[in-house]
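Bring the two chains, given one by one in their own frames, into a single complex with the hints.
Okay, here's what each chain looks like letter by letter:
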Amino acid sequence: MNLTYTPEQQAFRAEVRTWLEAHVPKAPLEHYDATREGFEAHRQWEATLKSGDWGMVTWPKEYGGRGLDLIQWLIFEEEYYRAGAPGRVNQNGIFLLGPTLMEFGTHEQKQRFLPPMASGEEIWAQAWSEPQAGSDLAGVRATALREGDEYVLNGHKIWSSRAAFADWAFGLFREPGSERHKGMSLIFFRLDQEGVTRNPIRKINGHVGFAEIFLDNVRVPAFNRLGDEGQGWHICMATAGFERGLMLRSPARFQEAAAALAALWQSRKGTCDPALEADVVRAHMNAEAYALNIYQTASRLMAGAKIGPEASTNKIFWSEMDIHLHETALAILGAEAELLPPTGEHEWLDDYIFSLAGPIYAGSNEIQRNIIAERMLGLPR
Amino acid sequence: MDFTLNDEQLMFAETARTLLGDTCTPDHWHKMMEQGAGFDAARWAQIVENGFTLLLLPEAAGGMGLTELDLALIAIEAGYVALPEPLAESAGVGAPLLASLAPDHPVLADPAAIIAVAPAINPVVANADVAAAILIEKDGRAYLVTPDQVTLTPAETIDPFRRLFRIEWDASKAEDLGPADWTLALDRASLFAAAQGLGLAQRAVDLAVAYAKDRMQFGKPIGSYQAVKHHLASAQTAIEFARPVVLAAAAEIGHADVHSRARVSEAKIVALEAAEKAARASIQVHGAMGYSWEVDVHLFLKRALALKAAWGTPAFHRSRIATRIFTQPLGADQTFARENEHA
Ligand SMILES: Cc1cc2nc3c(=O)[nH]c(=O)nc-3n(C[C@H](O)[C@H](O)[C@H](O)COP(=O)(O)OP(=O)(O)OC[C@H]3O[C@@H](n4cnc5c(N)ncnc54)[C@H](O)[C@@H]3O)c2cc1C
Chain A
1 MNLTYTPEQQ AFRAEVRTWL EAHVPKAPLE HYDATREGFE AHRQWEATLK
51 SGDWGMVTWP KEYGGRGLDL IQWLIFEEEY YRAGAPGRVN QNGIFLLGPT
101 LMEFGTHEQK QRFLPPMASG EEIWAQAWSE PQAGSDLAGV RATALREGDE
151 YVLNGHKIWS SRAAFADWAF GLFREPGSER HKGMSLIFFR LDQEGVTRNP
201 IRKINGHVGF AEIFLDNVRV PAFNRLGDEG QGWHICMATA GFERGLMLRS
251 PARFQEAAAA LAALWQSRKG TCDPALEADV VRAHMNAEAY ALNIYQTASR
301 LMAGAKIGPE ASTNKIFWSE MDIHLHETAL AILGAEAELL PPTGEHEWLD
351 DYIFSLAGPI YAGSNEIQRN IIAERMLGLP R
Chain B
1 MDFTLNDEQL MFAETARTLL GDTCTPDHWH KMMEQGAGFD AARWAQIVEN
51 GFTLLLLPEA AGGMGLTELD LALIAIEAGY VALPEPLAES AGVGAPLLAS
101 LAPDHPVLAD PAAIIAVAPA INPVVANADV AAAILIEKDG RAYLVTPDQV
151 TLTPAETIDP FRRLFRIEWD ASKAEDLGPA DWTLALDRAS LFAAAQGLGL
201 AQRAVDLAVA YAKDRMQFGK PIGSYQAVKH HLASAQTAIE FARPVVLAAA
251 AEIGHADVHS RARVSEAKIV ALEAAEKAAR ASIQVHGAMG YSWEVDVHLF
301 LKRALALKAA WGTPAFHRSR IATRIFTQPL GADQTFAREN EHA
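Chains A and B are the protein sequences, given in the same order. Numbering-wise (the working numbering), the first sequence opens with residue 1 and increments by one. Numbering-wise (the working numbering), the second sequence opens with residue 1 and increments by one.
Next comes chain B alone, as it looks inside the complex (with noise of 0.2 Å):
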């Protein structure tokens, strides 16, 4: 039982804290947003670079062969500059979702195609017009079909940096690839979700402290008035109780059992509350400004909200802890309990 991170993880995070933080900063959203772009080749070009997209591939299909829980401390930093490219989405769902029904497909020999996820949880797919491969979910199984072989219509969405599509599609133009674990996939997408969700909560909360700090109202900084240090102290404090249930959610999801995916979706839920509590508290914080286009607080409340809901809504996600709750044993000794070590 050991609950820190490695060298190496902490090593990979900061990496990518560092890329990330270069790359994608406030100045950089701003030029996406006058040019109504919501995705950036030459950053994407870094992050594969760096090999991101390859982490939670198999050595099999040309990948790195690590964790879930390498990938989830990237998404982290992912959600901290609101990062609009699908790195969570692609590296995170599409690929090992390929790699698992077929690791030899020339998409994957590409660590930059991005592959679009479509389940049919979702109403709308993410990124499919930048997508080499869109995998769909009909009757358990997995269909791929590439942009030009489907009808895609932007669907507007509140978040600048997320595109977003309907799609129309024939499965008998698809590639079939058989039945497909998607519950796996739903996973590890509500992982990565969650993950970003604490990035963007810490982001929401630092934008806010350093705003509090600076601006002067009766005389002092309004980070010195009690009301406004309990709004973020409150915000921080669910970032501090979501962090390890993220952690544990990704180190224990390769068990795949009722505790593992209740696990999961604890992650989501929390975490993606604490990034919504946390944005609420610094526009609250900002005043005006904070309701104002100009200051990026706006970001991160967006991306919480789209990534609350999708992959499953909280109601959908708090059934499956419900279902852990009242089909397995329960009680102190059941923390990291596992479904088939009790009958």
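Bound conformation, chain A alone (with noise of 0.2 Å):
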């Protein structure tokens, strides 16, 4: 155990700070939710990224990446939030299918889709989720019936987070007949291809945040199956392990957000409750813990661990304490809480709104609450 960063991983961060303090755009774009002209302000931002060969700095070169480990990402994460860098727009491919491409993806496959996924030229939406599937994925419907060499893709998903905008989708579906988790097989489509129709949904803050996905009879080649036909469910349990347990909600968000906060209460403090203060502390001690059991992680699994179930316990960890982050700024913002900020200052109440969905997405709290009792404590199911 070495708590302390090495000259190299010093001069890392000093790079990629050098870097984003010339890059980061000094106005915010419009939320990448909010309309089209916001979305492809961020695919711009991606291009940008890339440019400068940060698309996705863990993987390999030759997929778009730098090769560089965990705690390296770690370290950009940490100076991407702190340059208070745009939010990634293709978050659903860098962060959950990308990890799983690289473990389950054919050489060929991992060329033909890694590179513009580093690069945002193809953004991707996730759609496993249907409307009589949702905690229980299982029982997904979209059928996708072989033939020949290609995929025949029926079905009807929804709350796929950016698909109203996006280029590309990961999606999980069954080999018409089967049953639960046999027979399952994560496949792509592009989101503007014939037989798709996508219709945006407002989330509660306004924003087209996600999208309903209508499939006829959609035809994709065979080549867009990651991993073998049947095998569609351990391939997503293996994608919501990076979601939950390393990749999509990185430490740095956190803390920054605890750092605003504690920033919130100095000039604040003086007209508020001052018992407030214990939950100024605990958000930061909240950010700090998740951070040191990210540290963990992704020194466990440079070690070669893999993730287990143990990730389950991240997911409820961060979206509670958001929870908590946010309700304390809102206490502390007493009557104002309801006003809309002005634009350009910090966005507590949406942010307060969006850590409501925290519990739900990626999995609900109470269904994590059953994996933790069951696969890591041996409850009977």
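Certain hints may be false.
Rough simulated footprint, nothing fancy, chain A against chain B, three-plus residues with beta-carbon under 8 Å [claimed, not checked]:
hint, segment
1, 265 to 271
2, 319 to 325
Cut-off 25 Å, straight-line C-alpha distance, at most; resulting in silico cross-link-like pairs (DMTMM-like, lysine to aspartate or glutamate) [what the hints assert, rightly or not]:
hint, chain 1, residue 1, chain 2, residue 2
3, B, K220, A, E338
4, B, K302, B, D129
5, A, K269, A, E338
6, A, K306, A, E366
7, A, K306, B, D40
8, B, K220, A, D136
9, B, K220, A, E366
10, B, K213, A, E15
11, A, K306, B, D206
12, A, K306, B, E14
13, A, K50, A, D69
14, B, K302, B, E175
15, A, K61, A, E121
16, A, K306, B, D2
17, B, K213, A, E374
18, A, K26, B, D333
19, B, K31, B, D159
20, B, K302, B, D40
21, A, K61, A, E108
22, A, K110, A, D228
23, B, K213, A, E366
24, A, K306, B, D129
25, A, K203, A, E347
26, A, K26, A, E15
27, A, K50, B, E8
28, A, K26, A, D69
29, A, K182, A, D228
30, B, K138, B, E175
Negatives, chain A to chain B, calculated, CB over 10 Å [said to hold, decoys possible]:
hint, residue
31, Q109
32, S135
33, Q368
Don't read these hints as lab results, they were simulated from the structure. Please read all numbers here as calculations on a predicted model, not as lab measurements. Idealized CB from N, CA, C, for every residue including glycine.
Dropping the structure here:
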């Protein structure tokens, strides 16, 4: 155990910092879920990132990355949030599908899909949920019928983040007639392809953050299937492990939010309940605990371990800490909490609203607690 | 940057787990409680034999010169068995404190000698009666006394295995060891309390899991009910997020700066919260059994309550964290920051 950065790691941090200082847009971009323009501005930013080779630093160079390790990824993320850089519009691609492709994809698939993912030329949505299959994901009904070298996709997906504007989706489909965890495959399709209809859905903050997707005899090459036919469930669970256990929510996000909360407290403490200081301290403690846990996970993975069911404890921890942090901010804002802030100011209210989605997406926290109880603790189903 | 434990550390912890697991079983607890005993000389002898009391002592003082991290891993195991003997307090706090003040002190020559500590922050002294020496804080100095030089009045506590005393003493009759680093003593004590908290918490969860698999109601094991599962999953989550804080606090304690002190305080707060949360969940899952003396869950609750407030209450430790937050730079790049690295 050695909790100091090597000179190389410090030099890397300095390099990231310098680059971001020179390139991060001075004015915040319009949110990528708000409008097509906001979305495209973020795609543009991804291209800028790629021009500095920062698209996805952990991937091998040949796939558009830098071949760096997970500690360097964490350093990158810390600098990224510190610099206030735009949100990653391709997060479902780079943080979820990417690591899964790395593990299960063929060399040809990696060559085909990873570089344009790293550069934002192709932005991805996750199409797993269906109206009848939410928590019970093994209940998906959308089908993939094999016809020669192609699949014919049919079905109805919903709650697909960014699908209203994205280019591609990775969906979960089943062989017609198969049931539950068997016969599923993870298959990619283009969202602007013939037979695909996408209807935007407004989130509670008014943004068209997700879409429902109808697939009507959509034809895709068998090349678009990740892993073996019928291996879809297994691959989805690996993706979910990355999502919950490591990449979806990097600690830096919460540390920066906790720092902003401390500043908010400093500027307003004269006018609010002094007991709130304990919550400000708690927000900092939570963010640090989360960071330390992720550094531990990164070190373990680098030493050859794999992500297991403990990933579910992460998901619970960050989602609950995020709500607590934003609740505290609103309490400090007091009667002003309901007011929409002027453009450019910290959006505590919107972030609070978004934090409420944390216990729902990426597998609800109730489901995570079931997983912890059954797979970590060994309690009976 | 590497957050993994090395093989030697894991091996040491494994040795401690086996030794303490074999010698500090529910049968042992029950026998000690029947006898009203809070100290088992045979077990202490085995702990000493395995070198655990020498771990943190510098080699110059006849010790092994290992680190707080090594001892913290053992303290976790001590918590797991609600160890009555003062391994953490004596070997983790008293011995290194004495060694820093009087490395040639004869008490240090006996690895079995118990060194009790009486900081100003605690109203009572643990294990004072069996101690070969008691180190007392007064005006920043440390005074050494032996139990026969002072008046010890037992202070009854809810934890059957804690032996606490109020102490009356006379500085003029004590050995003045000079100014001492009481902050480091508090850091160490808090760290090892936190480490024990992790063990307490995990044992409380494990006891409940075992019970929940066994106990049938409505024709099914109670562990199959979600309400029961979720109590224990929440407790396990608290443990998973306290553990890295404790390990980091142990690894960084030597920096002795505002960051390392805040990290120790974070560790103490979150690990003992996890312990209390787990013990309470465990009591709930055990039903009335959990409320009985017979079932051992109460031992873990009681130790958690004791350690939570000893060596600084949560409010005290929170104020140390607040000092770090409001006097030092904050943000995503500051996780492993040091006080002297930025001005
Ligand atoms: C902001 C946001 C973004 C999302 N993005 C995507 C995306 O990009 N792609 C995608 O495929 N999906 C996405 N989702 C969908 C998300 O994965 C689902 O909402 C989630 O899996 C829950 O499914 P559901 O909404 O159908 O709720 P349900 O499964 O109907 O659950 C409703 C409630 O019942 C509880 N519940 C259900 N089953 C159990 C059980 N066995 N035990 C205890 N409680 C239970 C749940 O915890 C929840 O509280 C997103 C959702 C949100 C809110």
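Status of each hint after checking the structure:
1. 265 to 271: Held - the segment 265 to 271 of chain B has 3 residues with a Cβ nearer than 8 Å to chain A, which meets the minimum of three.
2. 319 to 325: holds (count 3)
3. K220/B x E338/A: The given pair, whose Cα atoms are some 48 Å apart, is violated under the 25 Å limit.
4. K302/B x D129/B: Holds, because 21 Å separates the two Cα atoms, which is no more than 25 Å.
5. K269/A x E338/A: holds, 19 Å
6. K306/A x E366/A: Given pair K306/A, E366/A holds - Cα atoms ~24 Å apart, limit 25 Å.
7. K306/A x D40/B: Distance ~42 Å between K306/A and D40/B Cα, so the pair is violated.
8. K220/B x D136/A: holds, 23 Å
9. K220/B x E366/A: holds, 21 Å
10. K213/B x E15/A: Given that 25 Å is the threshold and the Cα spacing comes to 54 Å, the pair is violated.
11. K306/A x D206/B: With a Cα-Cα distance of about 24 Å, the restraint between K306/A and D206/B holds, given a limit of 25 Å.
12. K306/A x E14/B: Measuring from Cα to Cα gives roughly 22 Å; hence the hint holds.
13. K50/A x D69/A: At roughly 18 Å apart (the allowed maximum being 25 Å), D69/A and K50/A satisfy the hint.
14. K302/B x E175/B: violated, 35 Å
15. K61/A x E121/A: Holds, because 17 Å separates the two Cα atoms, which is no more than 25 Å.
16. K306/A x D2/B: At roughly 16 Å apart (the allowed maximum being 25 Å), D2/B and K306/A satisfy the hint.
17. K213/B x E374/A: holds, 11 Å
18. K26/A x D333/B: holds, 21 Å
19. K31/B x D159/B: holds, 15 Å
20. K302/B x D40/B: OK: K302/B and D40/B at ~19 Å, within 25 Å.
21. K61/A x E108/A: Holds. K61/A to E108/A sits at ~15 Å (cutoff 25 Å).
22. K110/A x D228/A: holds, 15 Å
23. K213/B x E366/A: holds, 20 Å
24. K306/A x D129/B: violated, 49 Å
25. K203/A x E347/A: Judged against 25 Å, a Cα distance of about 16 Å means the pair holds.
26. K26/A x E15/A: holds, 19 Å
27. K50/A x E8/B: violated, 43 Å
28. K26/A x D69/A: violated, 29 Å
29. K182/A x D228/A: At roughly 12 Å apart (the allowed maximum being 25 Å), D228/A and K182/A satisfy the hint.
30. K138/B x E175/B: Holds, at roughly 12 Å.
31. Q109: holds, 32 Å
32. S135: Non-interface label on S135/A holds, nearest chain B Cβ at 12 Å vs cutoff 10 Å.
33. Q368: violated, 8 Å
Hints 3, 7, 10, 14, 24, 27, 28, 33 from the list above are not met by this structure, while the remaining hints are.
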